[in-house]
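Engineer: Sequence:
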Amino acid sequence: MLIFPAIDLYEGEAVRLYKGDYAAKTVYSTDPVSVALDFKAAGATHAHLVDLEGAKTGGTPNFDVVSAIKRESGLFCEIGGGIRDMDVIERYVAAGLDRVILGTAAAETEDFVREAVGAYGEKIAVGIDIRDGFVATHGWTESSGVDAFTFCEKMQAIGVKTLICTDISKDGAMVGTNRELYRELSRRFPIKITASGGVSTLEDVQALRALDLYGAIIGKAYYTGAIRLSEAIEVAK
1 MLIFPAIDLY EGEAVRLYKG DYAAKTVYST DPVSVALDFK AAGATHAHLV DLEGAKTGGT
61 PNFDVVSAIK RESGLFCEIG GGIRDMDVIE RYVAAGLDRV ILGTAAAETE DFVREAVGAY
121 GEKIAVGIDI RDGFVATHGW TESSGVDAFT FCEKMQAIGV KTLICTDISK DGAMVGTNRE
181 LYRELSRRFP IKITASGGVS TLEDVQALRA LDLYGAIIGK AYYTGAIRLS EAIEVAK
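Residue numbers for the sequence shown follow the numbering used here, beginning at 1 and rising by one.
Calculated from the structure, these hints are not laboratory results.
Remember, it's a predicted structure, so these values are computed and weren't measured experimentally.
One thing to keep in mind: the hints can contain errors.
[What the hints assert, rightly or not] Derived DEER-like restraints, expressed as beta-carbon distance ranges:
{"#": "1", "residue 1": "D38", "residue 2": "E203", "range": "20 to 26 angstroms"}
{"#": "2", "residue 1": "E122", "residue 2": "D87", "range": "16 to 22 angstroms"}
{"#": "3", "residue 1": "F76", "residue 2": "T201", "range": "23 to 29 angstroms"}
{"#": "4", "residue 1": "R114", "residue 2": "D64", "range": "29 to 35 angstroms"}
{"#": "5", "residue 1": "E72", "residue 2": "E11", "range": "33 to 39 angstroms"}
{"#": "6", "residue 1": "E234", "residue 2": "G145", "range": "37 to 43 angstroms"}
{"#": "7", "residue 1": "G133", "residue 2": "E108", "range": "34 to 40 angstroms"}
Just so you know, even glycine gets a beta-carbon here, dropped at the ideal spot from N, CA and C.
The whole structure should be built from the sequences, with the hints applied where relevant.
Structural biologist: Below, the structure written as structure tokens:
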């Protein structure tokens, strides 16, 4: 299982939200590139980047920072947040980003997902943000009313190879991850599943690895020191 340490970007800074609440934001670094270099020094090979401003409003306000993280760190970088048309995908791919994550746009327009997968194949992932069993959109501020498992089935049928599934109720709360959710996802869908939200102990990492998931995203637990990244990477192997 791969470990994806996360950098959530807002106004060029590395931040974390509590349960997706933009009003509950903590700034962890004003230099996100140095954070990525710290990931690499700890043994990380992959990083999960999110443009929180883009997720909320669309666009790519943190594009320059995202590009610098990829360029300076050399890590495998996936990026999500505000990616709602082919031009933005092309811009990120041209900048060297390894995988682009569709969120709100995937929930609202399946044809866009088909077009993106047709053009870029496995460079396209879909982020499924789940609140109370339904897909949330627009930076987690709205509910689509779409059942999460039904949505996963549709994405798999379209040809999406990687799903990044976040339990919003667990994200940033440091209360453990939703193991039952990921067990069910792993059982139902024979594609790459990455767990996100609430991974707060090495025990969580071990439990997710036992489910044979593709990856796990670690955010707040890294920034608070609850998890040593180097240890998590070893446990995940």
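Engineer: Compare the structure with each hint and give your call.
Structural biologist: Do the hints match the structure? See the list:
1. Distance hint for D38 and E203: a CB-CB separation of about 23 angstroms, consistent with the stated range 20 to 26 angstroms.
2. For the pair E122 and D87, the beta carbons lie near 20 angstroms from each other, so the given range of 16 to 22 angstroms is met.
3. Judged by the Cβ atoms, the range 23 to 29 angstroms given for F76 and T201 holds: they are separated by roughly 25 angstroms.
4. Between R114 and D64 the Cβ separation comes to about 30 angstroms, which falls inside the hinted range of 29 to 35 angstroms.
5. Between E72 and E11 the C-beta distance comes to about 19 angstroms, which lies outside the given range of 33 to 39 angstroms.
6. Separated by about 41 angstroms at the C-beta atoms, E234 and G145 satisfy the suggested range of 37 to 43 angstroms.
7. Evaluation of the 34 to 40 angstroms hint for G133 and E108 yields a failure: the beta carbon distance comes to about 18 angstroms.
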